[in-house]
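Given chain A, work out where chain B should sit, using these hints.
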Amino acid sequence: MINDEYFLAALRLSSGNDPIPGQVSAAARDAYRLRVPRAVTAAYAESATIRSVRDDDSSHLVRFVAAGLTFDLEVTEGDGLIDVAGHISPYPGEGALVDVRSPHMTLTRRIGDTGHFVATGLPPGWLSIVCHRPGHAPIQTAWVRIRPCP
Amino acid sequence: MRDPREPAELLTAAADGDRSAWDELEHRFGPRMWAVARACGLGPADAADAVQGAWLRLLQHLHDLRDPARVGGWLATTVRREALLMLRKERLGASSFEIADDPDPAAAVLEADGRRTLWQSVSALHEPCRSLLQLVAIDLGNQQVAARLGLPTGSVGPTKARCLEKLRTLLSLQETAQ
Numbered sequence: 001m002i003n004d005e006y007f008l009a010a011l012r013l014s015s016g017n018d019p020i021p022g023q024v025s026a027a028a029r030d031a032y033r034l035r036v037p038r039a040v041t042a043a044y045a046e047s048a049t050i051r052s053v054r055d056d057d058s059s060h061l062v063r064f065v066a067a068g069l070t071f072d073l074e075v076t077e078g079d080g081l082i083d084v085a086g087h088i089s090p091y092p093g094e095g096a097l098v099d100v101r102s103p104h105m106t107l108t109r110r111i112g113d114t115g116h117f118v119a120t121g122l123p124p125g126w127l128s129i130v131c132h133r134p135g136h137a138p139i140q141t142a143w144v145r146i147r148p149c150p
Numbered sequence: 001m002r003d004p005r006e007p008a009e010l011l012t013a014a015a016d017g018d019r020s021a022w023d024e025l026e027h028r029f030g031p032r033m034w035a036v037a038r039a040c041g042l043g044p045a046d047a048a049d050a051v052q053g054a055w056l057r058l059l060q061h062l063h064d065l066r067d068p069a070r071v072g073g074w075l076a077t078t079v080r081r082e083a084l085l086m087l088r089k090e091r092l093g094a095s096s097f098e099i100a101d102d103p104d105p106a107a108a109v110l111e112a113d114g115r116r117t118l119w120q121s122v123s124a125l126h127e128p129c130r131s132l133l134q135l136v137a138i139d140l141g142n143q144q145v146a147a148r149l150g151l152p153t154g155s156v157g158p159t160k161a162r163c164l165e166k167l168r169t170l171l172s173l174q175e176t177a178q
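Protein chains in written order, with UniProt numbering: chain A, 1 to 150; chain B, 1 to 178.
Hints were generated in silico from the structure; no laboratory data involved.
There are no misleading hints in this set.
Incomplete in silico selection of chain A near chain B, CB under 10 angstroms:
(1) D18
(2) P19
(3) Q23
(4) A39
(5) G125
(6) R147
Restraint ranges, calculated between C-beta atoms of paired labels, are given here:
(7) G43/B <-> G121/A: 23 to 29 angstroms
(8) G157/B <-> P90/A: 53 to 59 angstroms
(9) T76/A <-> R88/B: 21 to 27 angstroms
(10) G141/B <-> T76/A: 39 to 45 angstroms
(11) D18/B <-> E74/A: 36 to 42 angstroms
(12) A26/A <-> D18/B: 15 to 21 angstroms
(13) G17/B <-> G135/A: 18 to 24 angstroms
Think of the CB as a built atom: it goes at the ideal place given N, C-alpha and C, for glycine as much as any other residue.
Next up, chain A with everything else stripped away, as it sits in the complex (with noise of 0.2 angstroms):
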């Protein structure tokens, strides 16, 4: 069955209406400098929910799991900015480096040998972690769409 949403969509594709704006393709051309060659992707954890730890709506905790790493991140909103406070478990190790990106800027962060890690300031959109250890392959987690609440 094909829907109709899709009819429309090519329809309006056909006739050149609406064409993809500039920014939008630039954007996505840019964005093949986010690879991370031989990285594992950490997918998000079904098991674990994400939820609103404040009352405001303004902070949620979303974990992912992969290669025997699980990423718990509590993302914050505010000032129409996002700050991550991240743990991973077990410990990853001396020399374990984090790189808390969104398409526009990567910040680097050692992490703590509690496994924790901050990142402030970053803006809202697209996010993902991608974690260093000495001798094995980056792992990174999908990313995630975070807006500020309306």
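Here is chain B on its own, set in the frame of chain A:
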């Protein structure tokens, strides 16, 4: 000059670090991804996010798409899922996305060949369906379509649904005949 490589080749090349292959994938599939996001009812800012999200997901699955030849369908399906998640306002629920290895069969109409067939099929419809769908394609609202075709405004929605049904039947018949 256009890159003559097949989608599967482009995907492999992009996975191996060939930036030009990635650019070509965007060139081929970006416009239909935008069309899908807009067709789902997203405004320009959210549509841009949905398209960007699909590319970011592809970046993480360059090596493990089940059917690399259908990367275009995969991208269209992925945009659609992102768009529907946004529409459900599940802000962090977007992270529950699973790998969309099975392209939605509906995405076929957005492939280049499917689009040609679709447009030919629209032209083969009787009036008012032919004109109505051509007007819908350029995004005219129901009132304008009604004015152009001399129909009561209230009848445009139901007529559009009937016309899409006829188009669907016509395409099914063509598929059966092939």
